[in-house]
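Protein chains: 2
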Amino acid sequence: MIRVDRGRLRRFDAEKLLPEAEGYWQEYIGGKSPYLPFLGWLSAEGSAWGALPAIKEKAREIRERADAFVVVGIGGSNHASRAVIEAIGAKGIEIVWMGTTLSAHEIARQLKGLEGKSVYIGVIAKNFETLEPGSHYRLLRKWMEQRYDSAEMARRVILTGTPGSRLNEIADENGCLFLPFPEPIGGRYSLFSPVALMPIAAAGLDVDAYIAGASSVERALRSGENQDALLFACWRNACLRAGFDIEVLTSFEPRLKNFSLWWRQLFGETEGKDGKGIFPAFMNCSEDLHSMGQYMQEGSRRVIETFLHVDDPEASVPVPADPGFGDRFDYLDQWDFADINHAAEQATLTAHEAGDIPCSVVTVDRLNERAFGELFYFFTAAVSVSARLLGVNPFDQNGVEAYKKSMFAALGKP
Amino acid sequence: MIRVDRGRLRRFDAEKLLPEAEGYWQEYIGGKSPYLPFLGWLSAEGSAWGALPAIKEKAREIRERADAFVVVGIGGSNHASRAVIEAIGAKGIEIVWMGTTLSAHEIARQLKGLEGKSVYIGVIAKNFETLEPGSHYRLLRKWMEQRYDSAEMARRVILTGTPGSRLNEIADENGCLFLPFPEPIGGRYSLFSPVALMPIAAAGLDVDAYIAGASSVERALRSGENQDALLFACWRNACLRAGFDIEVLTSFEPRLKNFSLWWRQLFGETEGKDGKGIFPAFMNCSEDLHSMGQYMQEGSRRVIETFLHVDDPEASVPVPADPGFGDRFDYLDQWDFADINHAAEQATLTAHEAGDIPCSVVTVDRLNERAFGELFYFFTAAVSVSARLLGVNPFDQNGVEAYKKSMFAALGKP
Chain A
1 MIRVDRGRLR RFDAEKLLPE AEGYWQEYIG GKSPYLPFLG WLSAEGSAWG
51 ALPAIKEKAR EIRERADAFV VVGIGGSNHA SRAVIEAIGA KGIEIVWMGT
101 TLSAHEIARQ LKGLEGKSVY IGVIAKNFET LEPGSHYRLL RKWMEQRYDS
151 AEMARRVILT GTPGSRLNEI ADENGCLFLP FPEPIGGRYS LFSPVALMPI
201 AAAGLDVDAY IAGASSVERA LRSGENQDAL LFACWRNACL RAGFDIEVLT
251 SFEPRLKNFS LWWRQLFGET EGKDGKGIFP AFMNCSEDLH SMGQYMQEGS
301 RRVIETFLHV DDPEASVPVP ADPGFGDRFD YLDQWDFADI NHAAEQATLT
351 AHEAGDIPCS VVTVDRLNER AFGELFYFFT AAVSVSARLL GVNPFDQNGV
401 EAYKKSMFAA LGKP
Chain B
1 MIRVDRGRLR RFDAEKLLPE AEGYWQEYIG GKSPYLPFLG WLSAEGSAWG
51 ALPAIKEKAR EIRERADAFV VVGIGGSNHA SRAVIEAIGA KGIEIVWMGT
101 TLSAHEIARQ LKGLEGKSVY IGVIAKNFET LEPGSHYRLL RKWMEQRYDS
151 AEMARRVILT GTPGSRLNEI ADENGCLFLP FPEPIGGRYS LFSPVALMPI
201 AAAGLDVDAY IAGASSVERA LRSGENQDAL LFACWRNACL RAGFDIEVLT
251 SFEPRLKNFS LWWRQLFGET EGKDGKGIFP AFMNCSEDLH SMGQYMQEGS
301 RRVIETFLHV DDPEASVPVP ADPGFGDRFD YLDQWDFADI NHAAEQATLT
351 AHEAGDIPCS VVTVDRLNER AFGELFYFFT AAVSVSARLL GVNPFDQNGV
401 EAYKKSMFAA LGKP
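If you read the sequences in order, they're chains A and B. Numbering-wise, my numbering puts 232 at position 232 of the first sequence, and it's gapless, one number per residue. Numbering-wise, my numbering puts 243 at position 243 of the second sequence, and it's gapless, one number per residue.
Hints are computed from structural coordinates only; laboratory data are not their basis. If you're wondering where the values come from, they're calculated on a predicted model, not measured in any experiment. Misleading hints may appear alongside valid ones.
Said to hold, decoys possible - Each computed BS3-like pair below joins lysine-lysine, with the alpha-carbon atoms no more than 30 Å apart:
no.	chain 1	residue 1	chain 2	residue 2
1	B	16	A	257
2	B	91	A	117
3	B	257	A	117
4	B	58	A	257
5	B	405	A	257
6	A	257	B	32
7	B	405	B	142
8	A	117	A	56
Okay, chain A solo, but in the shape it has when bound (with noise of 0.2 Å):
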């Protein structure tokens, strides 16, 4: 089960912060929200929008009858299943994340990557307007259908939209699956509902341990049993108040990478308005401590960190010994690099706070399906409360309208 360590989460007297967070999260489960039709995310198991079947029994056939799923997603649309994914690894399929892009260079690059294979395509569009998952999905069905006959491409085409949508008639109109990116979700917020579920699934991944790993969390967080999520949110809020405003998400395996992205996407875009918000941005070690590890430790202390820490590395590798040889590093005889990195996190840790950082640790057993659906329902719940006691609408994303007004008028769009 996923914990926090909450006495370095009371610095800055972060617990006073306690009753209103309480408050806002009360407020949510309770049905009394202003925010009401934002909540679908807040069952995980309700979120699946009773879908799971379907995406059962479709993995089940691309699994067989597939080389390649290519996931036709951007932002909220895969970040979760490619953290997924990546951390833990696709079970004899590849898994081709596409949409992702503009750049003709990588896309060409993409497409070249397919040449041979049998692919199904999966393609993730809430809106439909969405100028990536809509030219990539023109294009792999154009390059699809000089492979296949109608028949295959209505078995090889998913469409997860919103339903009623156009895509959902497109879907009808050429007898494809639909499945449904319900309303009340946000793209962000999307990690149980079918946008994750079904390349998870097609992955060969167990998508019931997630959706348990969430519901868990869910259950103790509903009950009062487990508030570590309310106290990350008041946590993360205390230290802002204290003049802390970027938070840094340290992790010691290389395949947390995309979670990294996902994470700094669910705090970034959920915060990031009316002029205010902690920056988010993440370190990948050991190898950013020989890169931004100078920075942490003696640039402008504004910084906070949090830990990911995970407690079984799931492999192990010895330090040969190599008597004789001197190469100075006889010190490591007997050493696994699973407990190397794991003194390297420690030690991290310990010069980072000497350094005056602020550092939270987040810890769970291992990165397994499981982990990953408590991992995303703690920090889902804690973003949505942490934004409502820095004052901003944690469901929104107005922002991101920006530059696309002036690309479509650039692009000529009707």
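Starting from the known structure of chain A, fit chain B onto it as the hints suggest.
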């Protein structure tokens, strides 16, 4: 040739700092700087330290005989070469980056990937005390000893470090090629030294064009013909004095991801000291517009942004027409992704400037070896002066020792 938008760089009266910046630069090139022992990087051609013929010869051998060249290095020991090779692509050989993690899970995965391949390794360790290269050299050495005899080991291992160091002795004792990591060139300044030249040459890329690109920027700066790098340094400091203390490097080519990591180290490690420094971060667009776009547009107004623009997309992917399908993206007919990507970039610049983000634009013709030489020299010259304007030492990084002390104690290092 690399170029900037000088109009944008004059914001906040930045050019008033130019005489001071020029003074620091003249001090460097005039040989009268107190930092003289750290200025080996000033001469791009001189940075090779006479090793270029040996590097080219070994690169030919590697390319004839190896499936994979493993670069063992971390931070300044791999960021530059990795940026170049990721962006341009290794030709007919796989370049593997090891020594970048202590995660047993990741190391086991990397070792598995080497099975069955003909492997050469290049170990880069300036002082040969850093844990990652030291431990990985040992791990790979023992792994290779099970596959190659001692004559082959001698050919297949290249060691790069301080001349006269223990690593140099080891090279001599084992008959390996030793390449100099010159004392007067710090890790993040080692761009045109053997540290970066050996991997770039092994990847089949044009090291002469790479050095020539740097030399052209160097010559123009030395002669005073083009001082854009100094003006860029002034702009950053003028913005900082105006209260902007986070800088985001934004690019629209995903293959610049490792360049962003290089850039982040360069600025973070050079300036982040004495409680000062602009916090460096980056966006990989268009993807990150869908995560950090909201914060950029409407979050806390303390961010400045540098766009790294590439004129030539070096690829063409037209959006295929699909009349009658009714996806509502017909406005994209006739458009090439290469142009859509540029339109998105221009729209982002427009929107962010409208949102009161001070922006600068650095442009290169295309992502080839020459351009990376230009970019590296430009930003390195800039940071060496920017740090002086900030009042910190551009060439040390004492903060990185703090966590090491605690870690070495835990590991029982004598």
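Okay, the hints, checked on the actual structure:
no. : hint               : verdict
1   : 16(B) with 257(A)  : 41 Å, violated
2   : 91(B) with 117(A)  : 24 Å, holds
3   : 257(B) with 117(A) : 27 Å, holds
4   : 58(B) with 257(A)  : 34 Å, violated
5   : 405(B) with 257(A) : 27 Å, holds
6   : 257(A) with 32(B)  : 44 Å, violated
7   : 405(B) with 142(B) : 28 Å, holds
8   : 117(A) with 56(A)  : 22 Å, holds
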